[in-house]
Structures are given as C-alpha cells and as structure tokens.
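Going down the list, the protein sequences come from chains A and B.
For the first sequence, the residue numbers in the UniProt record's numbering are 1 to 118.
For the second sequence, the residue numbers in the UniProt record's numbering are 1 to 330.
One should not assume that every hint holds.
[As the list claims (entries may be wrong)] The calculated SDA-like cross-link candidates involving lysine to any residue, where the alpha carbons are at most 20 angstroms apart (straight line), are:
| hint | chain 1 | residue 1 | chain 2 | residue 2 |
| --- | --- | --- | --- | --- |
| 1 | B | 63 | B | 49 |
| 2 | B | 146 | A | 65 |
| 3 | B | 146 | A | 72 |
| 4 | B | 309 | A | 65 |
| 5 | A | 38 | B | 64 |
| 6 | B | 44 | B | 292 |
| 7 | A | 86 | A | 76 |
| 8 | B | 146 | B | 71 |
| 9 | B | 146 | A | 21 |
| 10 | B | 14 | A | 3 |
| 11 | A | 112 | A | 49 |
| 12 | B | 67 | A | 20 |
| 13 | B | 63 | A | 29 |
| 14 | A | 32 | B | 301 |
| 15 | A | 111 | B | 225 |
| 16 | A | 38 | B | 66 |
| 17 | A | 33 | B | 63 |
| 18 | B | 44 | B | 64 |
| 19 | B | 14 | B | 70 |
| 20 | A | 33 | B | 67 |
| 21 | A | 38 | A | 49 |
| 22 | B | 63 | A | 49 |
| 23 | B | 146 | B | 225 |
| 24 | B | 44 | B | 309 |
| 25 | A | 85 | B | 30 |
| 26 | A | 38 | B | 65 |
| 27 | B | 67 | B | 52 |
| 28 | B | 44 | B | 34 |
| 29 | A | 85 | B | 55 |
| 30 | A | 111 | A | 101 |
| 31 | B | 44 | B | 31 |
| 32 | A | 32 | B | 70 |
| 33 | B | 44 | B | 70 |
| 34 | B | 309 | A | 72 |
[Claimed, not checked] For the chain B half of the interface with chain A, some residues (derived, Cβ under 8 angstroms), not all of them:
| hint | residue |
| --- | --- |
| 35 | 19 |
| 36 | 21 |
| 37 | 25 |
| 38 | 63 |
| 39 | 65 |
| 40 | 68 |
Note that these hints are calculated values from the structure, not bench results.
Note that beta-carbon positions come from the ideal geometry of N, C-alpha and C, so glycine has one too.
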Amino acid sequence: MLGAYLPILLLVIVAIAFGLVSLTFSSLIGPKKKSALKLSPYESGCEPVGTARDRFSIKFYLIAMLFILFDIEAVFLYPWAILYKKLGVFGLVEMGLFIVILFVGYIYVWKKGALEWE
Amino acid sequence: MTADPVDIALFAAKLGAVFFAVLTLAAYLVFAERRILAWIQDRKGPNRVGPFGLLQPLADVIKLLTKEDLVPAAADRWLFYLAPAMAAIPALLIFSVIPFGAPLTIAGHTLPLLIADLNVGLLFFLALSSIAVYGVAIGGWASNSKYSLLGGIRGLAQLISYELSMGLALVPVVMMSRSFSMTDIVTAQQSMPFIVYQPLAFIIFLISITAECRRIPFDLPEAEGELVAGFHTEYSGMRFGLFFVGEYINIIVLGGLAATFFLGGWHGPLLPPVIWFSIKTLAFAFLMIWLRGTLPRLRYDQLMHLGWKILTPLALFNILVTAWLLFLTS
Chain A
1 MLGAYLPILL LVIVAIAFGL VSLTFSSLIG PKKKSALKLS PYESGCEPVG TARDRFSIKF
61 YLIAMLFILF DIEAVFLYPW AILYKKLGVF GLVEMGLFIV ILFVGYIYVW KKGALEWE
Chain B
1 MTADPVDIAL FAAKLGAVFF AVLTLAAYLV FAERRILAWI QDRKGPNRVG PFGLLQPLAD
61 VIKLLTKEDL VPAAADRWLF YLAPAMAAIP ALLIFSVIPF GAPLTIAGHT LPLLIADLNV
121 GLLFFLALSS IAVYGVAIGG WASNSKYSLL GGIRGLAQLI SYELSMGLAL VPVVMMSRSF
181 SMTDIVTAQQ SMPFIVYQPL AFIIFLISIT AECRRIPFDL PEAEGELVAG FHTEYSGMRF
241 GLFFVGEYIN IIVLGGLAAT FFLGGWHGPL LPPVIWFSIK TLAFAFLMIW LRGTLPRLRY
301 DQLMHLGWKI LTPLALFNIL VTAWLLFLTS
C-alpha cells in the first residue's frame, strides 16, 4: 500500500539533492562582497524606514475563516462523488439537501456583508 | 514494485528522464515566454546566444549560478533558506501522479508512463497545491522587507480565493470517472474528453489554475509594478532561480493536470500518446504567455470577488446539475 509512495519519496530525494547541489555550487563560485547597505532590505534605493515586523490589519481575515468552513464542506463532496452511482436516489437527495443547506449558509454570509471589504 | 533488476533500471531511467525533461522544459518555457512576449509587443526578444537565441536558458543558468548569494541581515535565516524549496518541490512532486503517455512494453516489462500511480492522485494534487503557497508566504515573511511581506500576504489572500472553486470544479470529474486515480480519469475519457460534458467546470478550473500559477492577471504576490518583485524581492542568485524555475514547473504541471482532467490526457488520434500529452500541456503554457501579453492585473479584492461570488456558486450549481443529469441518464 505504502509502496505506491516510494517513487514519490525518491523524487523528493532527487529534487532536494538538485536544490542543494545548485545552491552549494552557486555559493562556492559566486562573489562574496557583503556590505551593510547591501544586506539591508530593498526600499527603492532609499534608507529603509521602520521595520517589516509591524502589525497591521488584514482585511480578509473573515474570508479566511469562511474559507476553512467551506473547504471542509467541499471535502464532504468527494466521497459522495466517488460513490454517487452506488448510492442512487438516496445519495442524490441527501447531497442535494446538503448543497442547498450550503447555499443557504453562503447566501446568509453574503447578505451579512462578510464577503465585502469595508 | 518487484525487485526485478530490469524493472528497477526502467524505473530509474523514467525518473531521470522525467526530472530532466521537466527542468529543461521549464528553462525553455522561460525562453519561449520572452520570445513570444517580444513577438506580441513587436520587438525581437533574446536572439543572440546561439542560433535563434536557443542557448539563452544555459546562459541564464550560468548567470544565476555566478551571482552573489545574499541573505538580508534582518532576515529569518532558516525560513529564508526553506522558502524557495517549498515553492519548487511541491510543483515537481505533483508531476509524479500525472500520466504522460500510454503504458509502454519494453522486453516483456510494462512501464506505466507516470511515476506513481496513486489511487488518490487527485487528492494528492489538491494537498500539494496548498503546500506550495507556503513558499510564497514564508519567503515573504522571512525576508523582513515590506514589499516581500505584502507579497506574501497577497499570496495567502489569493489562495483562499481560488482554491475552493478549483476543488469544486473537480467534483464533476470525479463523479464521471468514479475514481481519484489519474490513470482511471484518463481511461474514462477514452471515447470523449470531459471538456465536452463539463465545459463550465473546465472554464472554472482554467481560471482557478491561472490564479494558482500566480501569473497575470492574477500575479498579485509578485506585482512588479507595485511591489518590486513581491515575495521574492530580497532573493538573489540561485535561490531566486529556484523560485523562478518553480513558477515554470508549476505552469507545466498545471497544464498537464488540465489535460488529464478535461482534455482526455494522452488520448488522441494518429499521433503517439506522449506527443498528444505534450501538445495539450504546451497549449496551456502558450495560453498563460498569451494572457500575460494581453491582460492587466486584477486587484486582490477583485480576485476575491471573482472567486467567492462568481466561481464558487457556479461550481456548486454545476455539481447539482451534473448530479441530476447523471441520475437521469443512468
């Protein structure tokens, strides 16, 4: 069972080896002339102002939370899609109801303005 | 897999060939993009290195290798090292579940032309495509630069906009093939590619994977006009090279997935299967380049609007209609 994943593991090893070899090679032959200015963050040639570790409001946090909810609901659709033929009328009605309930929640979220920006 | 030495040799040859082919193709896609964009914009593009500029990718690699490898003083060093690998490796791994040709028979040994025939190939793709965005987010955060940070945040905003519709667009494909295995999905399209039955799902999937590629019109994390180079502003030399090659591997892989899910995979008349697969994949790559030459960039609230208010309800609606029609015809 897990044997099917062995080729993927081999590909991971090949890919990591490729990355390490090219990065090592590059750090060996590349020039090394570091200076304080060169190592400061790029801000269009001006002196950097402040730090990038400030806190600021991420406008889409609510959508991010909704994404998790809807993504989990989408996951439920996959097993149903596989067994669709076997489940017959029962499966169709059940999933029809599920998607309709999903739609009701979706319309509620939309009408509440959670998908808006301001 | 059995321990037969011939099988092992064939597998090693296949792995090496795929790795080499994908990397070479990615390098030449960069060259093709520069030439095609130049052609769209009525200029010549790189044509000096070798005949027709064909050695340009080699010159680019040499240039990247001989550049100084800079790590900003304020950067989070280990995350900064990790990010390019997080962007490039998942893309490459997705390719391992894509069947790129009909199984070959060499000296009595059958060789399936894909690296790993997982029974959950489709789920494997969805899982890895979500991991790839960590490269953008971690790279943006670890650089400790304002442009990079904004790019990384936009990368996350983008993911939560397109991923839902991308996943939902694939549900009808699973319903019609009744399998998560890529091989079964391709076999199910032997007589007719799914695009014929699922044009809407195909369009939703196409828009979503364009966003997944992080290219115009959805190149918000990079947005060179506003954010310099977005999440990889602070990267130089080969680390930048890994981000860059990851982007192009991603295009090839997503083109291959579009071909597998909707365009019949390697099935096609007259020409050999591998050629058909390549034509379909490269057609997608050409479309990406063409879009870059044609479209402006969206704002990221516009992208969220597109993903959440248009693509997601359409995809859900499409699932309901597909379920109903499949029920009527069975």
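Checklist entry - Under the criterion that the straight-line Cα-Cα distance not exceed 20 angstroms, is the pair residue 44(B), residue 31(B) satisfied? => result holds, 12 angstroms
Checklist entry - Are residue 38(A) and residue 65(B) close enough, with their CA atoms no more than 20 angstroms apart? => result holds, 19 angstroms
Next on the checklist: Next pair to validate is residue 146(B) with residue 225(B); report whether the Cα-Cα distance is within 20 angstroms.
Outcome noted: holds, 15 angstroms
Checklist entry - Given residue 25(B) was flagged as interface, is its beta-carbon under 8 angstroms from a beta-carbon of chain A? => result At 15 angstroms from the nearest chain A Cβ, residue 25(B) fails the 8 angstroms test, so the hint is violated.
Checklist entry - Is the hinted pair residue 32(A) and residue 301(B) satisfied, with a Cα-Cα distance of at most 20 angstroms? => result violated, 42 angstroms
Checklist entry - CA of residue 44(B) to CA of residue 34(B), is that 20 angstroms or under? => result Satisfied, since the Cα-Cα distance of roughly 9 angstroms is no more than 20 angstroms.
Next on the checklist: A closest beta-carbon separation below 8 angstroms is what the hint needs, so does residue 19(B) meet it against chain A?
Outcome noted: Constraint on residue 19(B) satisfied, holds at 6 angstroms.
Checklist entry - Do the alpha carbons of residue 38(A) and residue 49(A) lie within 20 angstroms of each other, as the hint requires? => result holds, 15 angstroms
Item to check | Hint consistency between residue 33(A) and residue 63(B) [alpha-carbon to alpha-carbon, up to 20 angstroms] | outcome: Between residue 33(A) and residue 63(B) the Cα gap is close to 17 angstroms, so the pair holds against 20 angstroms.
Item to check | residue 85(A) paired with residue 30(B) [C-alpha distance capped at 20 angstroms] | outcome: violated, 45 angstroms
Checklist entry - Is it true that the CA of residue 32(A) sits at most 20 angstroms from the CA of residue 70(B)? => result holds, 9 angstroms
Checklist entry - For the pair supplied as a hint, residue 112(A) and residue 49(A), is the alpha-carbon distance within the 20 angstroms limit? => result violated, 39 angstroms
Figure legend: structure checked against the earlier numbered hints; hints not met, in rising order: 2, 3, 9, 11, 14, 15, 18, 19, 22, 24, 25, 27, 29, 33, 36, 37, 38.
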